[in-house]
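Colleague: Each chain, written out:
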Amino acid sequence: MTENLKNNSNQVSRRSLLKKIGVLGTTGAAAATGVTLAAQVVEKSGQEFSDSLDSFFQKHYRRMSPEEVQVTIARLQRKAKRKYNKDISIDTAPPLPVTLFGYALNISKCKGYRKCVDACVEENNQGRDTQIQFIRVLEMERGSMNLEESNHYYDPETVPQKGKFYLPVQCMQCENPPCVRACPVKATWKEDDGVVVIDYDWCIGCRYCMTACPYWARHFNWNEPHVPPEELNPVTHYLGNRPRSKGVMEKCMFCVQRTRKGKQPACMEACPTGARIFGNLLDPESEIRYILENKTVFRLKEDLGTEPKFWYFTD
Amino acid sequence: MKATFSFWLDFIREAFRGGKLFYLWMTLLTVVVFLGFAAYIRQFQHGLIVSGMSDQVSWGVYISNFTFLVGVAAAAVMLVIPSYIFRDEMIKEVVLLAEGLAVAACIMCILFVTVDLGRPDRIWHMLPFVGEFNFPQSLLAWDVFVLTGYLFLSLTIPYYILFVRYKGGEPKHNVYFPGVLISIGWAISIHTVTAFLLSSNVARPFWHTAILGPRFLASAFSAGPAFFLLTLKFIRRYTDYPVSEKIFQRIAIIATVALQINLFLLFAEIFTEFYHQTDHTASALYLFFGIGGKTALVPWIWSAITMNVVAVLILSIEPLRNNSRLLSVACVLMVVGVWIEKGMGLIIPGFIPTPLGEVFEYSPTLIEVTVSAGIWAVGLIIYTLLAKAAIAIELGKVRYKKLP
Chain P
43 MTENLKNNSN QVSRRSLLKK IGVLGTTGAA AATGVTLAAQ VVEKSGQEFS DSLDSFFQKH
103 YRRMSPEEVQ VTIARLQRKA KRKYNKDISI DTAPPLPVTL FGYALNISKC KGYRKCVDAC
163 VEENNQGRDT QIQFIRVLEM ERGSMNLEES NHYYDPETVP QKGKFYLPVQ CMQCENPPCV
223 RACPVKATWK EDDGVVVIDY DWCIGCRYCM TACPYWARHF NWNEPHVPPE ELNPVTHYLG
283 NRPRSKGVME KCMFCVQRTR KGKQPACMEA CPTGARIFGN LLDPESEIRY ILENKTVFRL
343 KEDLGTEPKF WYFTD
Chain C
272 MKATFSFWLD FIREAFRGGK LFYLWMTLLT VVVFLGFAAY IRQFQHGLIV SGMSDQVSWG
332 VYISNFTFLV GVAAAAVMLV IPSYIFRDEM IKEVVLLAEG LAVAACIMCI LFVTVDLGRP
392 DRIWHMLPFV GEFNFPQSLL AWDVFVLTGY LFLSLTIPYY ILFVRYKGGE PKHNVYFPGV
452 LISIGWAISI HTVTAFLLSS NVARPFWHTA ILGPRFLASA FSAGPAFFLL TLKFIRRYTD
512 YPVSEKIFQR IAIIATVALQ INLFLLFAEI FTEFYHQTDH TASALYLFFG IGGKTALVPW
572 IWSAITMNVV AVLILSIEPL RNNSRLLSVA CVLMVVGVWI EKGMGLIIPG FIPTPLGEVF
632 EYSPTLIEVT VSAGIWAVGL IIYTLLAKAA IAIELGKVRY KKLP
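Listed in order, the protein sequences are those of chains P and C. This note's numbering puts the first residue of the first sequence at 43, with every later residue one more than the last. This note's numbering puts the first residue of the second sequence at 272, with every later residue one more than the last.
One or more of the hints may lead you astray.
To be verified - Below, computed lysine to any residue pairings styled on SDA-like, alpha-carbon distance capped at 25 Å:
1. C:K363 <-> C:D511
2. P:K343 <-> C:F545
3. P:K288 <-> C:T385
Bear in mind the hints are in silico, worked out from the structure with no lab data behind them.
Between the sequences and the hints, there should be enough to build the whole structure, so can you do that?
Modeller: Below is the structure:
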């Protein structure tokens with residue numbers, strides 16, 4: 043009986059010993075993993091910390107040397123990777139030579155489908171929660187050009203509705219842009235191809251450009267913009283559709299990431315009615331030049347003297 | 272050097288010395304500052320989404336308060352002119368206090384613009400050379416330039432005068448007078464530039480009028496002195512600083528004339544907008560009557576007009592103006608009336624309808640209101656401290672004692 047007990051106690055103690063070892067082992071392993079993880083975290087947060095420090099001191103895009111641009115882009119890519127867990131490319135293609143981009147829109151063809159609006163959001167990585175849209179399609183009463191009578195939120199079963207016509211409005215890439223003059227820190231400027239762009243990392247978010255724009259073309263990130271990672275367009279341009287942060291302005295930039303490579307802007311590609319004509323105003327053979335020379339065209343608020351490079355025409 | 276050190280020591284000591292009421296007042300203000308700061312932290316974390324602003328109405332109470340306070344800052348000059356140019360001894364007594372108010376108002380202006388920024392961490396981008404200061408192209412760059420300059424002038428001139436007095440001397444006219452001349456021009460410029468900041472926008476027909484500059488000056492020179500007069504009443508009651516009854520009358524006359532001109536300019540504006548309505552009348556229509564059942568600003572503008580009309584009636588009838596209590600009432604009405612006129616009556620309707628004709632209303636959130644209250648409390652703390660120290664030095668309570 044006593045022996046039995048002894049045996050038992052022996053067994054118990056052996057078992058508990060094994061258990062203890064086991065626990066120790068697991069703890070040890072856990073600790074080891076923990077240390078490695080912690081080291082990774084430290085390394086990662088160290089990188090993150092130095093990245094955020096560097097982004098604080100990030101220069102104005104136009105003041106950076108080519109090397110600095112490369113370093114900055116690598117950092118911006120790491121940032122995008124952290125936020126979206128996705129590799130993105132950030133292009134810096136300069137304006138094409140002898141190019142001045144312009145747009146013409148056939149309002150007799152536009153049926154108000156808003157395909158351009160959706161394509162633009164997909165292409166240009168606007169925050170889905172911030173709900174920024176670079177194009178606003180106005181439903182207008184036939185017989186009037188009064189914008190104040192337009193409907194911005196039309197939502198009937200089918201379009202076009204009887205007695206209405208549709209007027210898409212986006213950045214007009216003015217030759218004499220009031221927004222550029224307004225900016226107190228030169229965070230927005232007109233490129234040589236006539237496109238008004240923003241350095242999202244230089245903008246201080248004062249929104250004075252928004253006040254200055256007669257076309258309501260500039261939009262502000264009131265909160266941190268989020269795009270579902272699977273929807274994020276990874277092909278970006280520094281002055282174009284790269285991911286933005288909260289507190290900065292953004293706007294239509296004629297899809298520089300596409301158009302500087304000879305592609306059409308996303309809105310034109312998406313338009314099912316062929317109402318949109320984009321092209322080089324300096325190329326006499328271009329379709330847009332044909333329209334300007336042969337159609338009756340008009341521009342919105344031409345009287346304000348901002349020289350928009352966006353024309354409307356009818357068949 | 273020693274004198275300077277001793278001056279600052281005494282200045283700070285005097286600024287923070289006071290009775291129960293003083294500490295109660297300061298505690299109250301500090302609590303409001305902390306509340307405002309807490310609200311701002313929230314805004315900083317979540318972004319300006321916590322405000323009532325939108326892509327449609329992209330400036331709100333912050334810029335409204337900024338615009339109003341630029342006027343208050345500029346108004347100090349109205350009291351400087353008679354004091355230094357016409358050697359008006361009477362007003363000279365209080366001109367240092369007015370400069371103190373200008374300092375406080377300038378700092379509030381800078382704070383209001385800062386809290387309105389989407390990226391306050393990038394404010395250094397505005398620094399010349401280090402950043403990219405878009406001067407002279409951007410009117411906002413001009414505003415930053417004239418405001419900091421005015422703050423500098425409003426600090427240095429009174430500092431010189433107080434410092435000399437502290438040492439027991441008399442300030443030299445040919446030392447401070449050129450500074451005063453510059454600051455007079457400068458004060459007019461800060462409000463003109465702020466008006467141009469708005470009127471230069473072809474996108475906003477409601478602001479795009481040449482009358483905006485003069486209207487800004489007129490409203491500033493009514494609300495500014497009125498606000499100052501109220502603080503003088505406070506100072507007379509709670510300190511031994513002698514403020515003669517005649518000073519109140521002198522300041523009241525300045526405010527009266529300015530308010531009369533202001534109301535006339537408002538009338539001229541309304542007439543031009545409404546006699547023959549165009550598309551550009553939309554903002555005015557929205558402000559005064561509402562559009563399509565959207566009437567958020569209508570009660571504000573009509574109460575502002577009522578307040579200003581009552582104030583101008585009290586002030587323009589001499590027996591009423593001479594009544595101390597009625598004068599205070601008129602001043603309160605004027606300050607509140609002009610404050611509404613600048614914010615709800617000018618900044619916000621400028622955005623409604625949008626350039627694409629959308630009527631989208633704005634109302635501030637609790638966070639915006641709390642942050643604004645916090646900034647006002649900061650300004651009142653600064654004004655209180657500056658006024659207390661200046662009064663002590665002016666009264667000769669503290670003087671530089673040379674060690675034997």
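Colleague: Each hint needs a verdict: does it hold in this structure or not?
Modeller: A quick look at each hint next to the structure:
For the proposed pair C:K363 and C:D511, the alpha carbon gap of about 17 Å is at most 25 Å, so the pair holds. Of the pairs offered as hints, the one joining P:K343 and C:F545 holds, with about 22 Å between alpha carbons and a cut-off of 25 Å not exceeded. Between P:K288 and C:T385 the CA atoms are separated by roughly 16 Å; this keeps the pair inside 25 Å, and the hint holds.
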